[in-house]
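Chains as they are written, first to last, in the numbering used here: chain F, 2 to 324; chain P, 2 to 324.
Warning: the hint list may mix true and false statements.
Far from chain F, by Cβ distances over 10 Å, these chain P residues were calculated [unchecked claim]:
1. G15
2. G45
3. Q53
4. S118
5. R148
6. E205
7. R217
8. T228
9. D272
10. E276
11. F277
12. R287
13. G290
14. L311
15. E317
With the Cβ distance kept under 8 Å, some of the chain F side facing chain P (calculated, not the full set) [said to hold, decoys possible]:
16. F20
17. N23
18. M26
19. A207
20. Y226
21. S258
22. E318
23. G321
Heads up, simulated EDC-like pairs for lysine to aspartate or glutamate below, C-alpha to C-alpha not over 16 Å straight-line [unchecked claim]:
24. F/K3 to F/D73
25. P/K165 to P/D272
26. P/K194 to P/D227
27. F/K194 to F/D225
28. F/K22 to P/E193
29. F/K194 to F/D208
30. F/K165 to F/D208
31. P/K22 to F/E260
32. P/K3 to P/E27
33. P/K185 to F/E56
34. F/K165 to F/D139
35. F/K256 to F/E76
36. P/K22 to F/D139
37. F/K22 to P/D139
38. F/K165 to F/D225
39. P/K194 to P/D166
40. F/K165 to F/E260
These aren't lab readings, by the way, just hints derived from the structure by calculation.
C-beta atoms are modelled at their ideal positions from N, C-alpha and C, and glycine is treated no differently.
2 protein chains.
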Amino acid sequence: MKIGIYGYGNLGRGVEKAFAKNPDMELTGIFTRRDPAAVQTETGAPVYAAAQAEEFTGIIDVMILCGGSATDLPEMTPALARQFSVVDSFDTHARIPEHFDRVDREAFRTGHTALISGGWDPGLFSLARLYMNAALPDGRDYTFWGRGVSQGHSDAIRRIPGVKDARQYTVPIAEAVEQVRAGKQPELTAREKHLRECFVVAEEGADRDRIERTIREMPNYFADYDTTVTFVTEEELKRDHSALPHGGEVIRSGKTSAENGHVMSFSLKLDSNPEFTGSVLLACARAVGRMHARGVFGCHTLFDVAPADLSILSREELRGRLL
Amino acid sequence: MKIGIYGYGNLGRGVEKAFAKNPDMELTGIFTRRDPAAVQTETGAPVYAAAQAEEFTGIIDVMILCGGSATDLPEMTPALARQFSVVDSFDTHARIPEHFDRVDREAFRTGHTALISGGWDPGLFSLARLYMNAALPDGRDYTFWGRGVSQGHSDAIRRIPGVKDARQYTVPIAEAVEQVRAGKQPELTAREKHLRECFVVAEEGADRDRIERTIREMPNYFADYDTTVTFVTEEELKRDHSALPHGGEVIRSGKTSAENGHVMSFSLKLDSNPEFTGSVLLACARAVGRMHARGVFGCHTLFDVAPADLSILSREELRGRLL
């Protein structure tokens with residue numbers, strides 16, 4: 002199956018690396034809005050200008066879109082779905098229904114197949130929530146994230162005047178996780194579920210007290226959480242905080258009768274968020290390619306994909322080995 | 002959707018209880034090989050003789066088959082698939098391909114839809130293995146079971162002369178689980194993964210040493226494990242060991258590059274194995290009914306089922322709430 006990567010930041014690099022572990026998938030090209038000649042790839046894959054993508058219509062089976070959810074994907078996915086079958090990792094939860102409808106219209110009209118919101122959350126965590134809800138309808142879900150780097154929160158700190166660079170870790174509160182794992186169903190506020198650790202490089206002469214206060218009081222991002230702010234040097238940030246670990250846990254507990262309760266959990270511990278997400282997106286592309294070959298057009302999410310379509314193994318092999 | 006339960010032991014009772022939590026599903030009848038008049042149900046559902054089932058062809062949408070895998074289901078599932086769409090929980094892993102083919106032939110020929118090997122293992126654990134393998138192709142799976150009652154091992158003890166009753170718990174070895182969760186990929190023997198705790202009621206005057214030795218040396222069941230045997234009275238067995246808890250954990254760890262490793266885990270902690278399994282089977286029946294209505298005939302496993310088909314929620318609701 003011939004695959005293109007459209008957008009070449011951390012996530013695009015993660016997808017690129019995943020080809021080494023998926024011998025049935027072939028990377029045809031990487032498409033970038035930068036100057037292709039200036040881009041150094043991880044594996045020596047060919048790089049093209051984004052505008053050249055249309056020359057690959059009919060050649061590339063599935064294009065994996067590695068743009069951001071805030072401004073890139075809302076335009077990019079419907080536009081590219083007119084020329085290619087596509088996969089994206091759109092993660093603005095509130096806008097998923099609207100994004101789905103726009104992509105569905107374009108893909109369906111042009112006979113393409115699309116999968117949006119692939120990855121792990123949304124993605125594998127969403128699947129865990131669905132299966133858990135179906136298996137145990139009377140219960141309650143909890144999702145904990147981290148310990149891991151939140152790109153959005155790191156960016157929010159970087160926008161504060163006087164901040165040169167920053168890294169924010171989302172940290173689940175162990176006591177809350179333990180309560181939920183034990184089958185209790187506590188009411189938890191945002192503050193009781195996660196805390197936020199910020200590592201900040203201040204510009205020379207900047208007012209550190211003001212920066213710290215601005216972070217702690219920032220609505221939505223930090224005001225509702227216990228937040229620690231640690232100032233570090235640029236060297237320290239690079240040395241100690243340049244990895245992009247992440248993870249988390251989905252837990253559902255509930256009852257099948259007055260007497261009997263059950264706890265289900267799905268957890269991830271990831272050294273590299275973009276590499277793992279890239280690997281999941283490549284599996285999604287496999288499913289999209291197979292669905293397209295069967296004439297299943299329009300937009301989908303992982304909720305609509307038969308699990309077997311994600312695997313390199315045949316259905317017979319899967320039944321024999323993994324069932 | 003109208004559902005029948007065929008076979009009324011612990012699992013059948015578990016399915017019956019699940020209807021209270023699934024308001025879109027209606028229990029039409031329970032079919033038993035015993036005298037229907039002598040059967041007391043959990044919820045007052047009507048009971049019929051197994052032979053009467055054929056009168057419900059065209060009325061019952063999906064029949065859930067609650068027989069044993071050793072002798073019941075290999076005959077029951079293909080036979081019933083000629084008259085109904087069916088769900089079973091066939092769990093003899095080595096014979097799944099053969100069972101699948103027989104059920105597929107009958108279901109396809111008669112325009113019915115079947116799902117075999119529903120439940121949690123095989124079932125939800127199989128799904129966890131598939132998704133984890135697709136997301137992380139270069140890695141290694143581990144499955145731990147317990148702490149929980151193994152019906153098969155309990156039965157094996159009961160067949161020993163001089164044994165009146167018995168209960169066997171499969172117990173995962175915490176040290177092994179911790180190693181695997183930490184992302185190590187140890188080679189583990191059967192003995193290093195699980196131990197087996199047996200609680201045995203001996204008949205009066207029986208040779209306890211012989212019973213204990215027979216258990217410990219039983220090939221396949223106990224010889225390869227560290228096994229404890231505790232003799233208890235009939236009253237103690239009833240008081241302390243009449244619940245049917247179970248659970249376990251599927252863990253996969255692997256790499257997306259030379260530098261970056263990841264650990265995925267799916268775990269269950271169940272107060273009642275038959276109630277939870279019954280609840281999963283009812284969700285499987287929902288999917289089978291929907292697939293049948295779309296004209297998707299023949300045999301399937303959870304690997305072939307779009308997750309959304311298991312849920313009471315519509316695809317729009319799922320995208321809005323759980324993605």
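Status of the hints after comparison with the structure:
For P/G15, the non-interface assignment is contradicted: its Cβ lies about 7 Å from the closest Cβ of chain F, within the 10 Å cut-off. Distance check on P/G45: its Cβ is at least 15 Å (rounded) from any Cβ of chain F, clearing the 10 Å threshold; non-interface status holds. Consistency note on P/Q53: stated as away from chain F, and its beta-carbon is indeed over 10 Å from all of that chain's, at 28 Å minimum. Taking the minimum C-beta to C-beta distance to chain F, about 6 Å, the non-interface status of P/S118 is violated against the 10 Å cut.
Non-interface status of P/R148 relative to chain F is upheld: no Cβ of that chain comes within 10 Å, the nearest being about 13 Å off. At roughly 33 Å, the least C-beta separation between P/E205 and chain F is larger than 10 Å, which holds for a residue marked as non-interface. Once the 10 Å rule is applied to beta carbons, P/R217 is consistent with being away from chain F; the minimum gap is 31 Å. No beta-carbon of chain F is positioned within 10 Å of the beta-carbon of P/T228; the least distance is around 28 Å.
Remark: the non-interface label on P/D272 conflicts with the geometry, its nearest Cβ contact in chain F lying 4 Å away (cut-off 10 Å). The Cβ of P/E276 sits about 4 Å from the closest Cβ of chain F, inside the 10 Å cut-off, so the non-interface label is violated. With a least beta-carbon separation of about 5 Å from chain F, P/F277 fails to lie farther than 10 Å from that chain, contradicting its non-interface assignment. With a cut of 10 Å on Cβ distances, P/R287 falls inside the contact zone with chain F, its closest approach being about 8 Å.
Distance to chain F confirms P/G290 as a non-interface residue, since its nearest Cβ pair spans about 14 Å, more than 10 Å. Interface exclusion of P/L311 from chain F breaks down, the closest Cβ pair being 4 Å apart, not more than 10 Å. Remark: the non-interface label on P/E317 conflicts with the geometry, its nearest Cβ contact in chain F lying 7 Å away (cut-off 10 Å). Because the beta carbon of F/F20 sits about 11 Å from the nearest beta carbon in chain P, more than 8 Å, this interface hint is broken.
With a cut of 8 Å, the hint placing F/N23 at the interface with chain P holds, because the nearest CB-to-CB distance is about 6 Å. With a cut of 8 Å, the hint placing F/M26 at the interface with chain P is violated, because the nearest CB-to-CB distance is about 10 Å. Checking F/A207 against chain P by beta carbon gives a least distance of about 34 Å; that is not within 8 Å, so the hint is violated. Given hint, F/Y226 at the interface with chain P, is violated; its Cβ is 24 Å from that chain's nearest Cβ, farther than 8 Å.
With its C-beta approaching chain P no nearer than about 5 Å, F/S258 sits inside the 8 Å limit, and its interface hint holds. Taking 8 Å as the C-beta cut-off, the interface hint given for F/E318 is violated, the closest approach to chain P being about 10 Å. Hint status for F/G321 relative to chain P: holds, with the closest Cβ pair at about 6 Å, below 8 Å. A hinted pair counts as satisfied when its Cα atoms are at most 16 Å apart, and F/K3 with F/D73 does not qualify at roughly 23 Å.
With a C-alpha separation of about 25 Å, the suggested pairing of P/K165 with P/D272 is violated against the 16 Å cut-off. Proximity of P/K194 to P/D227 is assessed by CA-CA distance (about 10 Å); at most 16 Å being required, the pair is judged to hold. With a CA separation close to 11 Å, the supplied pair F/K194 and F/D225 stays within the 16 Å bound. For the suggested pair F/K22 and P/E193, the alpha carbons sit about 30 Å apart, so the restraint of at most 16 Å is broken.
Distance check on the hinted pair: F/K194 and F/D208 sit about 31 Å apart at the alpha-carbon level, beyond 16 Å; violated. A hinted pair counts as satisfied when its Cα atoms are at most 16 Å apart, and F/K165 with F/D208 qualifies at roughly 12 Å. For the given pair, P/K22 sits about 14 Å from F/E260 by alpha-carbon distance, which is consistent with the 16 Å threshold. Restraint check: the Cα-Cα separation between P/K3 and P/E27 comes to about 5 Å, which is no more than 16 Å; the hinted pair holds.
Of the supplied pair hints, the one linking P/K185 and F/E56 is violated, its CA atoms being roughly 46 Å apart against a limit of 16 Å. As the CA atoms of F/K165 and F/D139 are separated by approximately 48 Å, the hinted pair breaks the 16 Å bound. As the CA atoms of F/K256 and F/E76 are separated by approximately 43 Å, the hinted pair breaks the 16 Å bound. Only pairs whose Cα atoms come within 16 Å are accepted, and P/K22 paired with F/D139 is accepted, the gap being roughly 6 Å.
This hinted pair checks out: F/K22 and P/D139 have alpha carbons roughly 6 Å apart, not beyond 16 Å. In summary, the hint linking F/K165 to F/D225 is not supported, as the alpha carbons are separated by about 24 Å, beyond the 16 Å threshold. Restraint check: the Cα-Cα separation between P/K194 and P/D166 comes to about 26 Å, which exceeds 16 Å; the hinted pair is violated. About 57 Å separates the Cα atoms of F/K165 and F/E260, which puts this hinted pair outside 16 Å; it is violated.
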